[in-house]
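2 protein chains.
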Amino acid sequence: MLPAMTLETTPKPYEHDAPNEVFATPQTLVEVPASRERTAAEEARTLAAGSAHAALATISEEGDPWASMVAYAMLPNGDPVLCVSTLAEHGRNLLRESRASLMVAQPEVAGDPLANGRVTLAGVAERVEGDAEQQAREAYVAKIPAAGMYAGFGDFSIYVLKVQRVRWVGGYGRMDSADADSYRAAEPDPVAPRAATTVRDLNERAEELQAIAAQLGGHPDVTTARCTGIDRYGLFLDVETPRGRGPARVGFAEPVASADALSAAIAELTLRAQSS
Amino acid sequence: MLPAMTLETTPKPYEHDAPNEVFATPQTLVEVPASRERTAAEEARTLAAGSAHAALATISEEGDPWASMVAYAMLPNGDPVLCVSTLAEHGRNLLRESRASLMVAQPEVAGDPLANGRVTLAGVAERVEGDAEQQAREAYVAKIPAAGMYAGFGDFSIYVLKVQRVRWVGGYGRMDSADADSYRAAEPDPVAPRAATTVRDLNERAEELQAIAAQLGGHPDVTTARCTGIDRYGLFLDVETPRGRGPARVGFAEPVASADALSAAIAELTLRAQSS
Chain A
1 MLPAMTLETT PKPYEHDAPN EVFATPQTLV EVPASRERTA AEEARTLAAG SAHAALATIS
61 EEGDPWASMV AYAMLPNGDP VLCVSTLAEH GRNLLRESRA SLMVAQPEVA GDPLANGRVT
121 LAGVAERVEG DAEQQAREAY VAKIPAAGMY AGFGDFSIYV LKVQRVRWVG GYGRMDSADA
181 DSYRAAEPDP VAPRAATTVR DLNERAEELQ AIAAQLGGHP DVTTARCTGI DRYGLFLDVE
241 TPRGRGPARV GFAEPVASAD ALSAAIAELT LRAQSS
Chain C
277 MLPAMTLETT PKPYEHDAPN EVFATPQTLV EVPASRERTA AEEARTLAAG SAHAALATIS
337 EEGDPWASMV AYAMLPNGDP VLCVSTLAEH GRNLLRESRA SLMVAQPEVA GDPLANGRVT
397 LAGVAERVEG DAEQQAREAY VAKIPAAGMY AGFGDFSIYV LKVQRVRWVG GYGRMDSADA
457 DSYRAAEPDP VAPRAATTVR DLNERAEELQ AIAAQLGGHP DVTTARCTGI DRYGLFLDVE
517 TPRGRGPARV GFAEPVASAD ALSAAIAELT LRAQSS
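Respectively, the protein sequence lines represent chains A and C. With this note's numbering, letter number 34 in the first sequence gets 34, and the count goes up by one each step, no holes. To get this note's numbering, take the position in the second sequence, counting from 1, and add 276.
Don't read these hints as lab results, they were simulated from the structure. Please note that the accuracy of each hint is not assured.
[Claimed, not checked] Partial pick of chain A residues on the chain C-facing surface, computed with a CB cut under 10 angstroms:
hint: 1; residue: Gly50
hint: 2; residue: Ala52
hint: 3; residue: His53
hint: 4; residue: Thr58
hint: 5; residue: Glu89
hint: 6; residue: Ala115
hint: 7; residue: Pro145
hint: 8; residue: Met175
[As the list claims (entries may be wrong)] Examples of chain C residues toward chain A, derived with CB under 10 angstroms:
hint: 9; residue: Leu305
hint: 10; residue: Thr396
hint: 11; residue: Ala422
hint: 12; residue: Gln440
hint: 13; residue: Tyr509
Computed from a predicted model, the values in this text were never measured in an experiment. No residue lacks a Cβ here, since even glycine has one placed at the ideal position from N, Cα and C.
Modelling step: build the complete structure from the supplied sequences, incorporating the hints.
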């Protein structure tokens, strides 16, 4: 039985000092199983794996915080590899002071970048030697096409940022921290490289999305559903109902193990929604 | 009279510790008037005016450098306006320690971001009051669409980053500093907002570009010319000749005063090249 249709308000996310009405969204009318979401550590590993350029913060000679742009590659354990020149201010900074942080933002964002994900990886940037230097250099040259031009220059050195602390921001009001252990243990989301194109494809299949939102998302009165995000655990939807408009989440039957398995997981949702 | 055609090498840009041959490019065969280029201060003002999102470096409670993402607007004097929440780590950092820097990268870059422009504006982030707060808030709200949602929240404060030092990097081997006075005195390039589309348009007019490179760029033997950049002072070209391939510069008759005047300045170059 459906409860009376009322415009309810969700709790304020975190503690923004703002009127509650800003966050008014329709509640689910049917109980849906809680869907797993990526942890902050998984979000961080996914963002870090998804880019090759980021902002580096170092400490200048005068003790000032210094923001600059760098290319980076990732080691399998989640530590970023940098290749910096002493001709660059950040390169001279790291020679004096190894503390650094790297901010990686979601690439190819349409619209407001602050509504999208970014992560700060903070730690100590160390020059590595021997096998570790070799491994780091190979990861860097494999990831950064232009590295062939400069990675061998005498003024460039390979650094590994040993991550000690992680802060993820997923958009307005979505943020969380991760410690180094959970960051290292987490996996980058394997479906992330295909998420954007899959979202676009799905949004051309309006009836499927509406069925998924109605049958599996807890909004049987949905009039329009749009997909706003996909990860290995499920879909994020934006649903319109006579009770208002807001976000919904629909989980996959099980976590998707690879990008190639994403279509089958979505097909399973569609089948389940249509046969409900 | 043309000098003998030889493959010459230009001096190494800056002091990269690299073999000279990396930078081999064809020299001009005909003397061309030196073309004014944007100063580091102008490059910095242009980059700062051309974006609304940047990386902020602050100092954390533990004294570590902290990189994060912010939206910003510009005051007419070149100081960036920030609107930060104490829910964000950078907001808490600025409450304790006002030293900060902002790294703005060229937006909408195709290809290698490190081959394109970015600037670090370093200084002190101050909470402003009275008329100054009003002016800064208006600039921010006018520039950042989402600000209407959060700029009035109680946990957000308006800061102005009083710029004290500027470091511009234009790409590989192009970099320079600017002091606060020259930064403040410089103008953002008025043609920058139209540069990318004009470059694309020009590159569909191959014969015009070839005539410009041959007659005004000092490469009479040019076989192909491609435009790689436009600013108020002229065009950057990539020219192919039997002597090799490299960059060329062709200045406008006079600095272009507005984006609307850009087409006329290019038409003047074409006319001059075709009547040479």
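Status of the hints after comparison with the structure:
A cut of 10 angstroms between beta carbons decides the hint on Gly50(A): the least distance to chain C is about 14 angstroms, and the hint is violated. The interface hint given for Ala52(A) holds, since its Cβ lies 8 angstroms from the closest Cβ of chain C, which is under the 10 angstroms cut-off. Checking His53(A) against chain C: minimum C-beta separation of about 5 angstroms stays under 10 angstroms; hint holds. Interface hint at Thr58(A): satisfied, since its Cβ lies 5 angstroms from the closest Cβ of chain C, which is below the 10 angstroms cut-off.
Checking Glu89(A) against chain C: minimum C-beta separation of about 6 angstroms stays under 10 angstroms; hint holds. Nearest Cβ of chain C to the Cβ of Ala115(A): about 7 angstroms, under the 10 angstroms cut. The hint holds. For Pro145(A), the shortest C-beta to C-beta distance to chain C is roughly 7 angstroms, which falls under 10 angstroms, so the interface hint holds. A distance limit of 10 angstroms between C-beta atoms decides the matter here; for Met175(A) the minimum to chain C is near 8 angstroms, and the interface restraint holds.
Here the hint on Leu305(C) is broken, as its CB sits about 27 angstroms from the closest CB of chain A, past 10 angstroms. Residue-level restraint check for Thr396(C) holds (minimum Cβ-Cβ distance to chain A is 6 angstroms; threshold 10 angstroms). Hint status for Ala422(C) relative to chain A: holds, with the closest Cβ pair at about 5 angstroms, below 10 angstroms. For the restraint placing Gln440(C) at the interface with chain A, the shortest Cβ-Cβ distance is roughly 9 angstroms, inside the 10 angstroms limit, so the hint holds.
Interface restraint check for Tyr509(C): the shortest CB-CB distance to chain A comes to about 25 angstroms, outside 10 angstroms, so the restraint is violated.
Violated hints, in rising order: 1, 9 and 13; the structure is consistent with all others.
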